[in-house]
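Let's have the full structure, built from the sequences with the hints guiding it.
Just so you know, we're using the numbering used here here: the sequence shown kicks off at 822 and counts up by one.
These are calculated hints, taken from the structure and not from any lab test.
Mixed in with the good hints, there may be bad ones.
[As the list claims (entries may be wrong)] The following label-pair restraints were derived from C-beta to C-beta distances:
1) Lys-837 <-> Ala-910: 12 to 22 Å
2) Asp-917 <-> Gln-1014: 31 to 41 Å
3) Tyr-861 <-> Ser-905: 17 to 27 Å
4) Glu-938 <-> Leu-864: 31 to 41 Å
5) Ile-968 <-> Tyr-861: 33 to 43 Å
6) Pro-983 <-> Ala-925: 14 to 24 Å
[Said to hold, decoys possible] Here are the simulated DSSO-like pairs of lysine-lysine, each with C-alpha atoms no more than 27 Å apart in a straight line:
7) Lys-929 <-> Lys-865
8) Lys-837 <-> Lys-869
9) Lys-930 <-> Lys-990
10) Lys-952 <-> Lys-990
As the structure is a computational prediction, the values presented were derived from the model and not from experiment.
Just so you know, even glycine gets a beta-carbon here, dropped at the ideal spot from N, CA and C.
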Amino acid sequence: MDVSEQIRTATWADEKAISALIGLAFATDPFVRRLLPDPYTYLKSNAKYVGLSSGPAFDNGSAFVIGDMCGAALWLPPGAVVDSEPLAALRDQYFDPAVLDDFAGLIKKSGTYRPDEPHWHLTLIAVDPVKCGRGYGAALMSHALDICDRDRLPAYLESTNPANLSLYKRFGFELLAEVRLGALPARYPMRRQAR
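Shown next as structure tokens:
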């Protein structure tokens, strides 16, 4: 069976499993782990992060999983808004206090690259590290980009790992900037033009 045939729309019932998957996949992400250097704190924070940062994806049918939780992609549809207050509370509770000011400034600086016009926003994409290299991430990306193309809308993401830039470029995303502030690793806003 083609891996793309294993994609389904995720629901809120999948949130905990997706949170665990995201936790595994981002455990070595340089940006995320600078914010959350303590492993226990990282895992506690991550259990809440997915629902808070990507809830509209579950609400709007734009959260996708592949296989038996082999990978997941969470997309915010045009016009979707994430409630920033619970995210700020999570940040204040768990992030390394030494980077809070730089983090807030970096997010603001990165946000200037987000399109003003309607667009799809990839908040998170991950593949279980033991299942990488089997085409799951590519299938998830193609699935969602087909929706972007159907709607003739651009897509946007902010990568936190330079190792992933070549994958996104392969799917037509263009690097807009390497955004840095203070001692934090860079964020990489990327945009794919409407097709």
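Going through the hints against the structure:
Distance hint check: the CB atoms of Lys-837 and Ala-910 are about 20 Å apart, consistent with the given range 12 to 22 Å. For the pair Asp-917 and Gln-1014, the supplied restraint of 31 to 41 Å holds, since their beta-carbon distance comes to about 36 Å. Remark: the range hint 17 to 27 Å for Tyr-861 to Ser-905 is upheld by a beta-carbon distance near 26 Å. With their beta carbons about 37 Å apart, Glu-938 and Leu-864 fall inside the hinted range of 31 to 41 Å.
For the hinted restraint 33 to 43 Å between Ile-968 and Tyr-861, the CB-CB distance of approximately 37 Å keeps it satisfied. At roughly 22 Å, the beta-carbon separation of Pro-983 and Ala-925 lies within the given 14 to 24 Å, and the hint holds. Among the hinted pairs, Lys-929 with Lys-865 is consistent with the structure: their alpha-carbon atoms are about 25 Å apart, no more than 27 Å. Distance check on the hinted pair: Lys-837 and Lys-869 sit about 9 Å apart at the alpha-carbon level, within 27 Å; holds.
This hinted pair checks out: Lys-930 and Lys-990 have alpha carbons roughly 22 Å apart, not beyond 27 Å. Pair hint Lys-952 plus Lys-990 holds up; C-alpha atoms about 22 Å apart against a cutoff of 27 Å.
Violated hints for the displayed structure: none, as all numbered hints are satisfied.
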